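Order-wise, the sequence lines are chains A and B.
All residue numbers for the first sequence refer to the working numbering, where the first residue is 2 and numbers rise by one.
All residue numbers for the second sequence refer to the working numbering, where the first residue is 269 and numbers rise by one.
These are calculated hints, taken from the structure and not from any lab test.
Each hint should be verified, as a subset may be incorrect.
[Stated by the list, open to error] Pairs of lysine to aspartate or glutamate residues, derived as DMTMM-like cross-links and limited to a Cα-Cα distance of at most 20 Å, are as follows:
(1) B/Lys-279 x A/Asp-316
(2) B/Lys-461 x B/Glu-479
(3) B/Lys-703 x B/Glu-723
(4) B/Lys-828 x B/Glu-800
(5) B/Lys-376 x B/Asp-344
(6) B/Lys-858 x B/Glu-409
(7) B/Lys-461 x B/Asp-475
(8) A/Lys-144 x A/Glu-182
(9) B/Lys-274 x A/Glu-182
(10) B/Lys-277 x A/Glu-416
(11) B/Lys-811 x B/Glu-800
(12) B/Lys-874 x B/Asp-344
(13) B/Lys-376 x B/Asp-356
(14) B/Lys-274 x A/Glu-332
(15) B/Lys-454 x B/Asp-430
(16) B/Lys-279 x A/Glu-182
(17) B/Lys-321 x B/Glu-353
(18) B/Lys-277 x A/Asp-72
[Said to hold, decoys possible] Non-contacting residues of chain B with respect to chain A, defined by C-beta distances greater than 12 Å in every case (computed):
(19) Arg-278
(20) Gly-283
(21) Ile-285
(22) Phe-293
(23) Asp-430
(24) Arg-772
(25) Pro-797
Computed from a predicted model, the values in this text were never measured in an experiment.
Here a beta-carbon is modelled for each residue, glycine too, at the ideal position from N, C-alpha and C.
Listed here are the chains, written in short residue letters.
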Amino acid sequence: MAYKKDSIFKNVDWWTIMLYILLVVCGWFSICGASYDYGDSNFWDFGLRSGKQLVWIACSLGLASVILSLDHRFFDTYAFLIFGILLLLLFATIFNPHEIKGSKSWIVLGPISIQPAEFAKFGTALALAKFMGEYTYSLSNRKHFVATLAIILVPMFLIIMQKETGSALVYLSFFLMLYREGMPGAILFTGVCAVAYFIVGIRFSVVPMADEITPWGEFAVLSLIIILTSGLICVYCKQARKLAMIILMVGVTCIILGVLFSFFVIPFNMVYMLLVMNGVLFITMIIYFLRERIYSYLFISFFVVGSVVFLFSTDYVFAKVLEPHQKVRIEVLLGMKDDPSGAGYNVNQSKIAIGSGGFVGKGFLNGTQTKLKYVPEQDTDFIFCTVGEEQGFLGSSFVLLLYLSLILRLIFLSERQPTRFARVYGYSVMSIFFFHLFINVGMVLGLTPVIGIPLPFFSYGGSSLWGFTILLFVFLRIDAARYGNANG
Amino acid sequence: MKRDYKLEKRKYTIGGIVVLIVLVFIIRLFSLQIMSDDYKRNADSNALLQRVKYPPRGLIYDRYGRLLVFNQPAYDITVVMKEVEKFDTLELATALGVNKDFLVKRFKDIRNRNVNPGYSRYTHQVLLTQLSSEDCAVFREKLFNFPGFYIQARTVRQYGYDCGAHILGDIAEVSKNEIEDDPYYKRGDFIGKLGVERSYETQLRGDKGVEILLRDAHGRIQGNYMNGSLDKAPVAGKNLKLSLDIELQALGERLLEGKIGSIVAIEPSTGEVLCLVSSPSYNPHLMAGRHRGENHLKLSADPWKPLLNRAIMGTYPPGSTFKTSQALTFLQEGIINTETQYPCSHGFNFRGLHVGCHAHGSPLSVIPALATSCNAYFCWGLYYMIGARSKYGSVQNAMNTWRDYMVSMGFGYTLGIDLPGEKRGMIPNAAFYDKAYRGSWNGLTIISISIGQGEVTLTPLQIANLGATIANRGYYITPHVVKEVEGDELEKKYSEKHFTKVDRVHYDEVVQGMRAAVLGGTCRGANLPDIEVCGKTGTAQNKGKDHSAFMGFAPMNNPKIAIAVYVENGGFGAVYGVPIGKLMIEKYLKGELSPQSQLQADEIQKRRINYGLQER
Numbered sequence: 002m003a004y005k006k007d008s009i010f011k012n013v014d015w016w017t018i019m020l021y022i023l024l025v026v027c028g029w030f031s032i033c034g035a036s037y038d039y040g041d042s043n044f045w046d047f048g049l050r051s052g053k054q055l056v057w058i059a060c061s062l063g064l065a066s067v068i069l070s071l072d073h074r075f076f077d078t079y080a081f082l083i084f085g086i087l088l089l090l091l092f093a094t095i096f097n098p099h100e101i102k103g104s105k106s107w108i109v110l111g112p113i114s115i116q117p118a119e120f121a122k123f124g125t126a127l128a129l130a131k132f133m134g135e136y137t138y139s140l141s142n143r144k145h146f147v148a149t150l151a152i153i154l155v156p157m158f159l160i161i162m163q164k165e166t167g168s169a170l171v172y173l174s175f176f177l178m179l180y181r182e183g184m185p186g187a188i189l190f191t192g193v194c195a196v197a198y199f200i201v202g203i204r205f206s207v208v209p210m211a212d213e214i215t216p217w218g219e220f221a222v223l224s225l226i227i228i229l230t231s232g233l234i235c236v237y238c239k240q241a242r243k244l245a246m247i248i249l250m251v252g253v254t255c256i257i258l259g260v261l262f263s264f265f266v267i268p269f270n271m272v273y274m275l276l277v278m279n280g281v282l283f284i285t286m287i288i289y290f291l292r293e294r295i296y297s298y299l300f301i302s303f304f305v306v307g308s309v310v311f312l313f314s315t316d317y318v319f320a321k322v323l324e325p326h327q328k329v330r331i332e333v334l335l336g337m338k339d340d341p342s343g344a345g346y347n348v349n350q351s352k353i354a355i356g357s358g359g360f361v362g363k364g365f366l367n368g369t370q371t372k373l374k375y376v377p378e379q380d381t382d383f384i385f386c387t388v389g390e391e392q393g394f395l396g397s398s399f400v401l402l403l404y405l406s407l408i409l410r411l412i413f414l415s416e417r418q419p420t421r422f423a424r425v426y427g428y429s430v431m432s433i434f435f436f437h438l439f440i441n442v443g444m445v446l447g448l449t450p451v452i453g454i455p456l457p458f459f460s461y462g463g464s465s466l467w468g469f470t471i472l473l474f475v476f477l478r479i480d481a482a483r484y485g486n487a488n489g
Numbered sequence: 269m270k271r272d273y274k275l276e277k278r279k280y281t282i283g284g285i286v287v288l289i290v291l292v293f294i295i296r297l298f299s300l301q302i303m304s305d306d307y308k309r310n311a312d313s314n315a316l317l318q319r320v321k322y323p324p325r326g327l328i329y330d331r332y333g334r335l336l337v338f339n340q341p342a343y344d345i346t347v348v349m350k351e352v353e354k355f356d357t358l359e360l361a362t363a364l365g366v367n368k369d370f371l372v373k374r375f376k377d378i379r380n381r382n383v384n385p386g387y388s389r390y391t392h393q394v395l396l397t398q399l400s401s402e403d404c405a406v407f408r409e410k411l412f413n414f415p416g417f418y419i420q421a422r423t424v425r426q427y428g429y430d431c432g433a434h435i436l437g438d439i440a441e442v443s444k445n446e447i448e449d450d451p452y453y454k455r456g457d458f459i460g461k462l463g464v465e466r467s468y469e470t471q472l473r474g475d476k477g478v479e480i481l482l483r484d485a486h487g488r489i490q491g492n493y494m495n496g497s498l499d500k501a502p503v504a505g506k507n508l509k510l511s512l513d514i515e516l517q518a519l520g521e522r523l524l525e526g527k528i529g530s531i532v533a534i535e536p537s538t539g540e541v542l543c544l545v546s547s548p549s550y551n552p553h554l555m556a557g558r559h560r561g562e563n564h565l566k567l568s569a570d571p572w573k574p575l576l577n578r579a580i581m582g583t584y585p586p587g588s589t590f591k592t593s594q595a596l597t598f599l600q601e602g603i604i605n606t607e608t609q610y611p612c613s614h615g616f617n618f619r620g621l622h623v624g625c626h627a628h629g630s631p632l633s634v635i636p637a638l639a640t641s642c643n644a645y646f647c648w649g650l651y652y653m654i655g656a657r658s659k660y661g662s663v664q665n666a667m668n669t670w671r672d673y674m675v676s677m678g679f680g681y682t683l684g685i686d687l688p689g690e691k692r693g694m695i696p697n698a699a700f701y702d703k704a705y706r707g708s709w710n711g712l713t714i715i716s717i718s719i720g721q722g723e724v725t726l727t728p729l730q731i732a733n734l735g736a737t738i739a740n741r742g743y744y745i746t747p748h749v750v751k752e753v754e755g756d757e758l759e760k761k762y763s764e765k766h767f768t769k770v771d772r773v774h775y776d777e778v779v780q781g782m783r784a785a786v787l788g789g790t791c792r793g794a795n796l797p798d799i800e801v802c803g804k805t806g807t808a809q810n811k812g813k814d815h816s817a818f819m820g821f822a823p824m825n826n827p828k829i830a831i832a833v834y835v836e837n838g839g840f841g842a843v844y845g846v847p848i849g850k851l852m853i854e855k856y857l858k859g860e861l862s863p864q865s866q867l868q869a870d871e872i873q874k875r876r877i878n879y880g881l882q883e884r
């Protein structure tokens with residue numbers, strides 16, 4: 002016993018714990034700022050959110066020490082059991098009669114209500130680690146790959162059934178981990194391209210350019226395809242760098258000339274021009290493939306065609322296939338339409354709040370925008386506003402750098418793991434934190450669509466804080482035992 | 269475990285993506301917080317406050333320019349809890365003229381987020397609403413003792429007269445549904461709920477303005493944002509001039525005191541409604557100010573239903589006033605001519621069917637039949653019309669021809685008056701009777717519609733409109749209560765002539781009958797010495813005592829007023845309908861009642877009809 006405690010104390014990564022504590026403390030002060038109401042607040046009052054959060058934080062610390070004192074093999078051994086229990090909980094939540102703000106994701110247990118979705122991420126990460134940690138596992142084995150996808154998609158589906166699309170999207174972050182574990186980069190690239198095409202294509206297809214004929218969305222995506230293609234040639238056909246440069250130069254020149262012509266001489270729909278250019282690009286690639294017999298050219302030509310088809314099929318699906326209410330949901334997600342709860346309004350107000358913070362901020366508890374309830378959800382999803390307004394550029398950059406340090410530290414820790422189990426788990430944790438940071442802060446800054454997911458350790462709420470704490474400390478526990486693992 | 273060094277390099281890609289994204293965020297923060305001019309201007313911790321500027325609501329005048337509805341200042345007392353310093357509750361209660369306990373409870377409610385979810389110590393919270401200027405003046409003097417308390421000017425509707433509530437209507441806070449239907453409205457706005465306040469809401473309300481203010485971290489207003497260049501001035505509501513004669517309206521309400529009924533008067537040449545009385549009525553003052561809610565509740569619980577505007581929402585059997593429309597139809601269709609005579613032996617007796625009538629000469633032609641209100645004559649007329657197979661082919665066709673005549677006179681559908689809630693009444697057609705009698709019916713089955721009984725029902729407005737149509741000898745203009753909207757043209761439909769299917773010549777014949785009724789028939793009580801009044805009584809049978817009705821117009825040539833009077837359970841038309849009609853015509857055409865008529869008016873005002881306790 003004594004030996005074990007000693008080893009934990011010595012081997013645990015104190016850098017991460019320090020970053021964790023810093024983030025939690027900053028988070029608590031932000032919640033104080035966001036829920037503070039001039040004059041009559043006592044932060045220690047357990048009736049107020051700042052007081053309640055303090056209770057959650059205390060619980061989290063307790064939880065963290067419990068996890069650290071558990072045997073490190075516990076998580077390896079019970080990974081599937083934990084995953085199974087959490088899946089059952091998620092499944093049960095679908096039939097949950099209690100709705101909080103139109104979402105069924107809460108299970109009410111007496112005075113507290115918990116969100117199983119926040120813990121399911123942990124379960125999924127553990128199950129993935131366990132499954133992929135098997136000695137015989139190989140990502141290139143199709144059966145294994147499908148099973149891996151299933152572990153990710155089943156909880157995702159269950160969460161979508163609870164109408165918590167935002168929380169479900171978090172599961173996409175596991176693909177970053179899969180990329181590290183050997184998934185072809187092309188898949189990640191394709192996925193990112195698809196999302197980017199979809200968002201840009203749909204979001205801006207209704208916005209005309211200055212010639213009043215060309216729609217921004219199609220123009221941007223079709224131009225992007227040409228640029229990406231030249232990049233692909235650069236990466237995959239190293240012998241043809243010259244060709245890539247020519248394509249890039251010719252493409253950009255044509256686009257600029259087209260824009261100038263359309264804006265100042267005769268307005269015409271540049272989408273047709275770009276389509277022709279993409280067609281020429283496709284034929285060029287095919288010719289190169291036939292001449293040089295290098296398959297990379299063939300794949301790149303597929304990329305060109307696939308991108309164009311994808312763009313126009315999303316347009317078609319969006320305009321013709323989707324039901325009106327589904328359309329509205331996507332439009333709201335992309336900020337094209339103000340929804341009843343006012344997503345567009347939120348983002349606008351949050352930008353004003355952050356912008357008004359200036360270089361050093363207004364000072365702790367001196368924010369007006371957030372105090373005056375201009376920003377809804379100011380202590381949950383939009384908590385970063387308070388940081389921006391009260392702590393200014395310095396404070397918010399500091400917080401971002403804290404997150405960056407944490408994530409980079411997690412990458413470092415993952416890489417030093419002797420087992421694939423531990424590495425997969427570590428990368429899963431890192432990917433989840435990164436996805437939350439990317440979407441949440443991006444949303445508050447008006448860069449990503451409004452998807453209601455919390456900022457780790459900052460957003461008010463017990464479930465999310467506990468969820469992230471468990472996620473992180475289980476990894477620290479596994480990491481602390483890395484020498485033992487290497488032996489066993 | 270075997271290390272795959274190629275894959276291990278991917279940690280740089282992943283780390284690179286993370287660094288890149290965080291870098292993008294920091295650049296974005298930099299541009300929002302430091303580069304952007306818009307936010308930089310407010311970087312000293314300002315917030316923009318949009319303050320709505322409410323336009324004054326349009327005023328309402330009667331046809332002679334008498335002010336009926338206007339705005340009176342009222343004051344809300346608001347409090348910003350953050351700015352409040354220690355004060356003596358009793359002193360504040362005295363200054364505001366309210367009970368101390370009440371005030372303590374108000375403060376408690378304001379702070380209670382369950383009662384007041386939008387509570388913030390930082391914003392204005394309403395403490396008391398709609399104080400009068402006098403109450404407010406007292407408080408204003410002591411305001412400096414109470415930092416954090418504010419006086420906010422608002423307006424309430426005030427009424428120049430105690431009558432016309434149904435037409436004028438009222439305003440109240442918008443409901444949730446109304447906010448959803450029209451984005452113009454925000455919580456706490458007022459909207460017209462009844463009468464012209466509702467039907468002319470968009471004209472009366474004007475257009476809200478907005479003022480964008482800068483305020484500092486302590487909530488103090490620092491001035492206008494961008495020197496007010498983004499502000500929008502409010503546009504005042506438009507004034508309305510009603511066609512109503514408020515004195516005529518007042519007399520009508522006086523005459524119907526203690527009775528349930530309606531009086532509608534229309535200027536035939538324009539369709540302008542001169543008065544629209546629905547009794548029981550209520551004092552419009554009840555619906556203004558802080559006590560609207562409780563008063564409205566009280567009125568809606570009243571078994572006599574004073575909130576119901578019976579003049580346009582009550583549908584009644586028109587009784588004998590309807591005979592004029594029958595005479596017109598039969599004359600036009602050639603069923604009768606002025607010479608045609610029908611017998612009446614104390615009523616209509618045919619194949620075992622009996623419709624009673626009172627004692628008068630027999631046989632008689634159409635003009636004396638109208639004058640004496642002979643039931644039998646019109647029964648015969650309808651019987652021959654519906655039975656005229658050679659002319660129409662079937663009873664169904666005959667019935668629908670009849671229906672078309674009725675509809676052309678404005679019955680069976682809403683007329684389209686500019687007041688909310690108008691009812692359409694009932695004019696049956698062939699399909700209706702086919703269904704009711706399973707296809708087996710004839711003129712005798714439905715004979716009672718010829719004397720305005722049976723399935724036929726009209727609103728008092730439609731009866732008055734019948735009078736206006738006869739006065740005009742064959743057309744009407746949709747009745748309306750608004751004569752002019754300041755700076756706006758009246759809707760076109762309020763100047764269009766609707767011609768009926770009957771020729772002018774037949775109207776002249778019916779006018780003769782109505783004149784004869786006043787000179788020597790059932791309407792003798794409506795005779796005025798120097799005005800040629802034309803009239804028609806009505807005594808409508810129903811479950812209880814008969815309804816008393818009168819429809820008429822005056823003068824006979826160049827008519828200035830057409831009128832309908834309907835008194836529920838008033839007995840014979842001559843008992844209430846005729847004298848009330850006469851007094852109203854006299855008042856409108858002469859401006860004043862003669863001393864003798866004055867006495868008669870007092871006497872009618874005092875009369876009461878016993879309606880029992882039954883819900884009306």
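Requested in this report: Please work out if B/Lys-858 and B/Glu-409 have their alpha carbons no farther apart than 20 Å.
Outcome: violated (52 Å)
**Report entry** Straight-line alpha-carbon gap B/Lys-828 to B/Glu-800, limit 20 Å
**Finding:** Given pair B/Lys-828, B/Glu-800 holds - Cα atoms ~11 Å apart, limit 20 Å.
Report task. Measure nothing beyond the straight line between the CA atoms of B/Lys-454 and B/Asp-430; if it is 20 Å or shorter, mark the hint as holding. Result -> violated (31 Å)
Query raised in the report: Do the alpha carbons of B/Lys-279 and A/Glu-182 lie within 20 Å of each other, as the hint requires?
Result: holds (10 Å)
Query - Pairwise hint evaluation, B/Glu-479 against B/Lys-461, where the allowed Cα distance is 20 Å at most - result: violated (28 Å)
**Report entry** Interface-negative label, B/Gly-283 against chain A, beta-carbon threshold 12 Å
**Finding:** B/Gly-283 not clear of chain A: closest Cβ-Cβ about 5 Å, inside 12 Å.
Query raised in the report: Beyond 12 Å from every Cβ of chain A: is that where the Cβ of B/Arg-278 lies?
Result: Not fine: 5 Å to the nearest Cβ puts B/Arg-278 too close to chain A.
**Report entry** Proposed proximity, B/Asp-475 with B/Lys-461 (alpha carbon, max 20 Å)
**Finding:** At roughly 18 Å apart (the allowed maximum being 20 Å), B/Asp-475 and B/Lys-461 satisfy the hint.
Query raised in the report: Is the Cβ of B/Ile-285 more than 12 Å away from each Cβ in chain A?
Result: The claim breaks: B/Ile-285 does not keep its Cβ more than 12 Å from every Cβ of chain A (closest is about 8 Å).
Query raised in the report: Is the hinted pair B/Lys-376 and B/Asp-356 satisfied, with a Cα-Cα distance of at most 20 Å?
Result: holds (16 Å)
Query raised in the report: Is the hinted pair B/Lys-277 and A/Glu-416 satisfied, with a Cα-Cα distance of at most 20 Å?
Result: holds (10 Å)
Query raised in the report: Holds or violated: are the alpha carbons of B/Lys-274 and A/Glu-182 at most 20 Å from each other?
Result: holds (11 Å)
When the structure is compared with the earlier hints, violations turn up for hints 1, 2, 6, 11, 12, 14, 15, 17, 18, 19, 20, 21, 22 and for no others.
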